[in-house]
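Protein chains: 2
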Amino acid sequence: MVTSRSAATARPRTVVPRRRGAVLERAILDATLEQLSTVGWNGLTMEGVAAGAQTGKAAVYRRWPSKEDLVADALAAGLPPLDDAPDLGGIREDLYELTRLVRNAMYSRPGWALRAVLHECDNSASERFQALIMSGVIEPSVNLFGDVVHRGISRGDVRPDATGSLIFDVIPAVLMYRSKVRGSEWPDEEIADLIDQVMLPMLRSRSG
Amino acid sequence: MVTSRSAATARPRTVVPRRRGAVLERAILDATLEQLSTVGWNGLTMEGVAAGAQTGKAAVYRRWPSKEDLVADALAAGLPPLDDAPDLGGIREDLYELTRLVRNAMYSRPGWALRAVLHECDNSASERFQALIMSGVIEPSVNLFGDVVHRGISRGDVRPDATGSLIFDVIPAVLMYRSKVRGSEWPDEEIADLIDQVMLPMLRSRSG
Numbered sequence: 001m002v003t004s005r006s007a008a009t010a011r012p013r014t015v016v017p018r019r020r021g022a023v024l025e026r027a028i029l030d031a032t033l034e035q036l037s038t039v040g041w042n043g044l045t046m047e048g049v050a051a052g053a054q055t056g057k058a059a060v061y062r063r064w065p066s067k068e069d070l071v072a073d074a075l076a077a078g079l080p081p082l083d084d085a086p087d088l089g090g091i092r093e094d095l096y097e098l099t100r101l102v103r104n105a106m107y108s109r110p111g112w113a114l115r116a117v118l119h120e121c122d123n124s125a126s127e128r129f130q131a132l133i134m135s136g137v138i139e140p141s142v143n144l145f146g147d148v149v150h151r152g153i154s155r156g157d158v159r160p161d162a163t164g165s166l167i168f169d170v171i172p173a174v175l176m177y178r179s180k181v182r183g184s185e186w187p188d189e190e191i192a193d194l195i196d197q198v199m200l201p202m203l204r205s206r207s208g
Numbered sequence: 001m002v003t004s005r006s007a008a009t010a011r012p013r014t015v016v017p018r019r020r021g022a023v024l025e026r027a028i029l030d031a032t033l034e035q036l037s038t039v040g041w042n043g044l045t046m047e048g049v050a051a052g053a054q055t056g057k058a059a060v061y062r063r064w065p066s067k068e069d070l071v072a073d074a075l076a077a078g079l080p081p082l083d084d085a086p087d088l089g090g091i092r093e094d095l096y097e098l099t100r101l102v103r104n105a106m107y108s109r110p111g112w113a114l115r116a117v118l119h120e121c122d123n124s125a126s127e128r129f130q131a132l133i134m135s136g137v138i139e140p141s142v143n144l145f146g147d148v149v150h151r152g153i154s155r156g157d158v159r160p161d162a163t164g165s166l167i168f169d170v171i172p173a174v175l176m177y178r179s180k181v182r183g184s185e186w187p188d189e190e191i192a193d194l195i196d197q198v199m200l201p202m203l204r205s206r207s208g
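One line per chain: the protein sequences are B and L, in this order. According to this note's numbering, numbering within the first sequence proceeds without interruption in unit steps and concludes at 208. According to this note's numbering, numbering within the second sequence proceeds without interruption in unit steps and concludes at 208.
Simulated from the structure, these hints should not be mistaken for laboratory data. Heads up, none of these hints are tricks.
So these bits of chain L aren't anywhere near chain B, every CB distance computed over 12 angstroms:
| hint | residue |
| --- | --- |
| 1 | Asp30 |
| 2 | Gly43 |
| 3 | Trp64 |
| 4 | Glu93 |
Computed Cβ-Cβ distance ranges for the label pairs, DEER-style:
| hint | chain 1 | residue 1 | chain 2 | residue 2 | range |
| --- | --- | --- | --- | --- | --- |
| 5 | B | Asp122 | L | Arg155 | 47 to 55 angstroms |
| 6 | L | Ser66 | B | Glu139 | 35 to 43 angstroms |
| 7 | L | Thr45 | B | Ser126 | 21 to 29 angstroms |
| 8 | L | Asp193 | B | Glu139 | 19 to 27 angstroms |
| 9 | L | Thr45 | B | Thr45 | 34 to 42 angstroms |
Small disclaimer: the values here were computed from a predicted structure and weren't measured. Here a beta-carbon is modelled for each residue, glycine too, at the ideal position from N, C-alpha and C.
When you get a sec, could you build the whole thing from the sequences and use the hints?
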């Protein structure tokens with residue numbers, strides 16, 4: 001029986017320097033996102049990813065036992081981080097800037113790929129990718145909106161009782177809803193309207 | 001070749017009076033919802049629906065050429081109507097009551113069945129059922145929220161500039177988001193919190 005190794009050694013591997021550890025992993029994850037954007041979830045194969053990363057299939061399988069594991073890691077690693085709340089001196093500016101960061105994460109290449117995967121994959125995989133949206137975008141966003149609002153309360157431009165959990169869900173909810181239901185991709189002007197029509201009236205202090 | 005008619009005539013059909021037109025259609029649509037709730041989208045067959053409605057398969061196919069057409073009509077006909085905005089004399093009461101009506105539609109038997117179908121069906125059918133959520137629940141809800149807010153403006157308990165389209169999306173967006181992301185089934189107390197924490201601060205007039 002011919003092993004895949006004999007086929008691999010036939011390739012001109014000398015042009016790619018031998019990479020290990022984090023460097024090789026990064027190349028495999030990048031190739032995974034590239035494959036997702038060209039052939040989609042259904043077309044993606046471990047072989048195709050290995051070829052794209054100019055490595056062998058075994059190097060991929062050694063780290064990720066299944067396509068689902070590989071794609072989940074590639075998407076999680078690729079999403080822009082949502083670690084720090086903007087601190088620009090006013091609630092309007094902070095909310096506007098933070099909403100832009102969240103919009104940018106939603107419409108980053110991994111963000112698009114994640115929605116496409118959810119559309120294509122079967123129900124057992126979809127729970128895992130839904131959980132990734134939760135841990136990679138929604139939870140960090142809600143936490144940062146909480147930070148921004150609490151800072152506004154301390155500063156005095158947000159009413160002191162604006163601390164209910166529903167308040168911190170409004171922006172993520174409207175972002176998701178209008179993306180899904182109205183097909184919006186949230187240009188900056190629409191973000192400004194959301195802050196001015198909805199968030200500032202809801203949050204402003206009576207004196208503000 | 002044995003036709004299905006010969007099998008049908010073997011059944012004790014005399015116990016079911018011959019129904020026509022709207023009565024028979026109603027029985028078929030009811031049987032469809034019943035089948036959805038017991039065997040789901042994948043298990044549902046035209047034969048099973050016909051048996052449930054105590055009629056022949058031909059009576060079903062004559063009206064609905066495919067399972068998708070039949071299920072779409074059954075869901076559309078079964079959803080509670082969202083025709084009239086409550087008019088209880090105040091913005092708080094109107095919003096609370098209207099949100100309860102929308103929640104009741106979401107969690108009606110056809111509402112549950114619609115979400116289950118979306119989870120099970122393939123992508124080509126899912127666009128049609130997404131459109132049904134849009135035309136059967138979301139659009140009528142947004143229109144009624146618009147009616148309630150405009151009446152509040154006339155009455156003076158809503159600020160006169162609360163007319164931006166984003167405002168009318170907040171309740172549908174938060175209902176959808178917390179149902180999907182937080183698994184909420186929206187008990188009445190959570191609806192009251194949504195009105196009190198989010199909607200009234202956002203809408204109230206400066207003098208109100």
